[in-house]
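**Q** Chain by chain, the residues:
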Amino acid sequence: MRQLLVEASSLAAAVLFILSLHWMNHPRTARRGVLGGVSAMALAVVAALLASGIVNWGWIGLAIALGFAVGIPLSWVPLTAVPQRTALSHAFGGLAAGLVGTAKYYLWLTEGPENLTAFRMVAVVAEILLGYLTFTGSLMAAGKLQEVRWIPQRPVTYPLQNASNLGLLTIALICGVLLIFRPVELAVLFPVVIALALAFGVLLIIPIGGADMPTVISLLNAYAGLSAVAMGFVLDNKLLVTAGALDGSSGLILSIIMCRAMNRSFSNVLFGAFGQLQAKAAGGEAKVAKAETAEGAAQVLETASRVVIVPGYGMAVAQAQHRVRELFDQLRKRGADVKFAIHPVAGRMPGHMNVLLAEADIPYDRLVEMEDINLEMPQVDVVLVIGANDVVNPAARHDKGSPIYGMPIIDADKARMCLAIKRTMNPGFAGIENELYFSEHTYMLFGDAKAVVGELVKQLSGTSGMH
Amino acid sequence: MNLMPPSSPCVRGPRAIPMPACLALGTALLAGSAHAAEPPAAPAAPDVGMLYVFVLATFIGLGVVLRVSRLLHTPLMSLTNAISAIAVVGSIAITGQDHPGFVTVLGGVALFASMTNIVSGFLITDRMLKMFKRPEAGKS
Numbered sequence: 261m262r263q264l265l266v267e268a269s270s271l272a273a274a275v276l277f278i279l280s281l282h283w284m285n286h287p288r289t290a291r292r293g294v295l296g297g298v299s300a301m302a303l304a305v306v307a308a309l310l311a312s313g314i315v316n317w318g319w320i321g322l323a324i325a326l327g328f329a330v331g332i333p334l335s336w337v338p339l340t341a342v343p344q345r346t347a348l349s350h351a352f353g354g355l356a357a358g359l360v361g362t363a364k365y366y367l368w369l370t371e372g373p374e375n376l377t378a379f380r381m382v383a384v385v386a387e388i389l390l391g392y393l394t395f396t397g398s399l400m401a402a403g404k405l406q407e408v409r410w411i412p413q414r415p416v417t418y419p420l421q422n423a424s425n426l427g428l429l430t431i432a433l434i435c436g437v438l439l440i441f442r443p444v445e446l447a448v449l450f451p452v453v454i455a456l457a458l459a460f461g462v463l464l465i466i467p468i469g470g471a472d473m474p475t476v477i478s479l480l481n482a483y484a485g486l487s488a489v490a491m492g493f494v495l496d497n498k499l500l501v502t503a504g505a506l507d508g509s510s511g512l513i514l515s516i517i518m519c520r521a522m523n524r525s526f527s528n529v530l531f532g533a534f535g536q537l538q539a540k541a542a543g544g545e546a547k548v549a550k551a552e553t554a555e556g557a558a559q560v561l562e563t564a565s566r567v568v569i570v571p572g573y574g575m576a577v578a579q580a581q582h583r584v585r586e587l588f589d590q591l592r593k594r595g596a597d598v599k600f601a602i603h604p605v606a607g608r609m610p611g612h613m614n615v616l617l618a619e620a621d622i623p624y625d626r627l628v629e630m631e632d633i634n635l636e637m638p639q640v641d642v643v644l645v646i647g648a649n650d651v652v653n654p655a656a657r658h659d660k661g662s663p664i665y666g667m668p669i670i671d672a673d674k675a676r677m678c679l680a681i682k683r684t685m686n687p688g689f690a691g692i693e694n695e696l697y698f699s700e701h702t703y704m705l706f707g708d709a710k711a712v713v714g715e716l717v718k719q720l721s722g723t724s725g726m727h
Numbered sequence: 422m423n424l425m426p427p428s429s430p431c432v433r434g435p436r437a438i439p440m441p442a443c444l445a446l447g448t449a450l451l452a453g454s455a456h457a458a459e460p461p462a463a464p465a466a467p468d469v470g471m472l473y474v475f476v477l478a479t480f481i482g483l484g485v486v487l488r489v490s491r492l493l494h495t496p497l498m499s500l501t502n503a504i505s506a507i508a509v510v511g512s513i514a515i516t517g518q519d520h521p522g523f524v525t526v527l528g529g530v531a532l533f534a535s536m537t538n539i540v541s542g543f544l545i546t547d548r549m550l551k552m553f554k555r556p557e558a559g560k561s
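If you're matching them up, the sequences are chains A and B in order.
Adding 260 to a residue's 1-based position in the first sequence gives its number in the working numbering.
Adding 421 to a residue's 1-based position in the second sequence gives its number in the working numbering.
Do not rely on the hints blindly, as some may be mistaken.
As the list claims (entries may be wrong) - Lysine-lysine pairs mimicking BS3-like chemistry, simulated, CA-CA at most 27 Å apart:
#1 A:K593 to B:K551
#2 B:K554 to A:K593
#3 A:K599 to B:K554
#4 A:K660 to A:K674
#5 A:K550 to A:K599
#6 A:K660 to B:K554
I should point out that these hints are in silico values taken from the structure, not numbers from a laboratory.
Put together the whole structure using the sequences plus the hints.
**A** Here it is, written out as structure tokens:
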């Protein structure tokens, strides 16, 4: 009877997980998705606790209490820190998979080698490889995003980097295969595989730079899901396999969307070391960008009837989203049509800009995807670029020598006028000069995004009384 | 239950897989998993039933996730993360059963990690989703 209840509740949990993702297809129903997920999880946990053979209640209680103690504060992070938190949670997912795989292996080894069938060993090896590499890889990614001091932010490259990484992975795979065939005799290889997976995770992320983070986080998401699937195979648990597969397929789709948005392949992101391309400087004639003051820019914005704002990582860094909302209100008050153009890889994770703008209370029907906004661009009076760079660089359309050639961009240069807020004229992450800034329709507003947008708001609200 | 929400300009459904197909797949998956309550004894032959579950669940996942609004990709990631922390079930079994001490410790740490993901994942997803305001009524 108890067994039947456990089976029924995991079945219900699987259904609820699928519905939960289904409800995410629209912001209107999305919160129902969370409710579905929470109820499924509660069902599954209660079922697991009811299962026979549980004796260590103290340990379980302690671990659950600690999980709450750490998890609740982790959910309060500012929204600009959401990419780090996400990477950290991938790390936890990978760690859990790795540890459970390790525990199961040694348990089977001590209980009797007949338990270590080839099928189980394949699952265990996949679980520890994926789990531990996701663990250290995600920790590194979280560290880079959080700008932890002893983790280099810039991509770190060295000679034979890819060859040595691939060599390491090959050794780990060979050890894993040997373990599958001789799980008892070669038990000494088990810690070796763990160590290699841990090292590989670190080395995989070292050459990755900030602009590649949306893709890398999505890939790590897929790995974390797959490690949960492997854990499901090890534990013979269908619910775990189902939930892991949902997570893994979501990570896969997001990775593909991110790669397409950068016109790069997975292997190019992981082994391309984008940072090295900066050597190619635009030599020759010194181009001049036109600077504009906040007063001038405010006058331009005042008369504009169609405005498009292009936010980028610079807006997130400066925490400028609330000022942007004030600017949005000021422009709306003047009857302007204001939209936000969202590039898929703007920010540090998929959907990053949408969440920040939603936090600032901007209605979501104002957030327009790149493909749709590009159709309207020629009719737009003013494009305001806030802390975005490579995603508006027209070189991606025509300069075959540019590292970002072929990447789909927001056509900010096609609007009647472009205002770009930027800290300095330093090139962006990819080290590429942005032609947009030297176009005859472009005016630069130098300074911190928050300060400049604040100044624009002040100018606009100051003049509103005179009309 | 509104399975087919009216499409709106901010919601993109590229190559949308019709929901009936997803549900049919889902039913197949669930019917399979309901029957497959085999004893967990060491299987002599590879357990193909589990592979079925994996493959079908992946297809359902792809179908459902492709329909998720691009607006919600950040909450989607934290939600799927919390969902895959269902690993908590395995961790509970390993921690709770009468095993050698080091196994209990490994399980306990895994349980802590999964529980952290569940709690923070669901809470932050809900926090983010609460911020997505409906379009202002009356204005364009």
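**Q** Decide, hint by hint, whether the structure agrees.
**A** Okay, the hints, checked on the actual structure:
{"no.": "1", "hint": "A:K593 to B:K551", "verdict": "26 Å, holds"}
{"no.": "2", "hint": "B:K554 to A:K593", "verdict": "19 Å, holds"}
{"no.": "3", "hint": "A:K599 to B:K554", "verdict": "15 Å, holds"}
{"no.": "4", "hint": "A:K660 to A:K674", "verdict": "20 Å, holds"}
{"no.": "5", "hint": "A:K550 to A:K599", "verdict": "25 Å, holds"}
{"no.": "6", "hint": "A:K660 to B:K554", "verdict": "42 Å, violated"}
Violated hint for the displayed structure: number 6, the only one.
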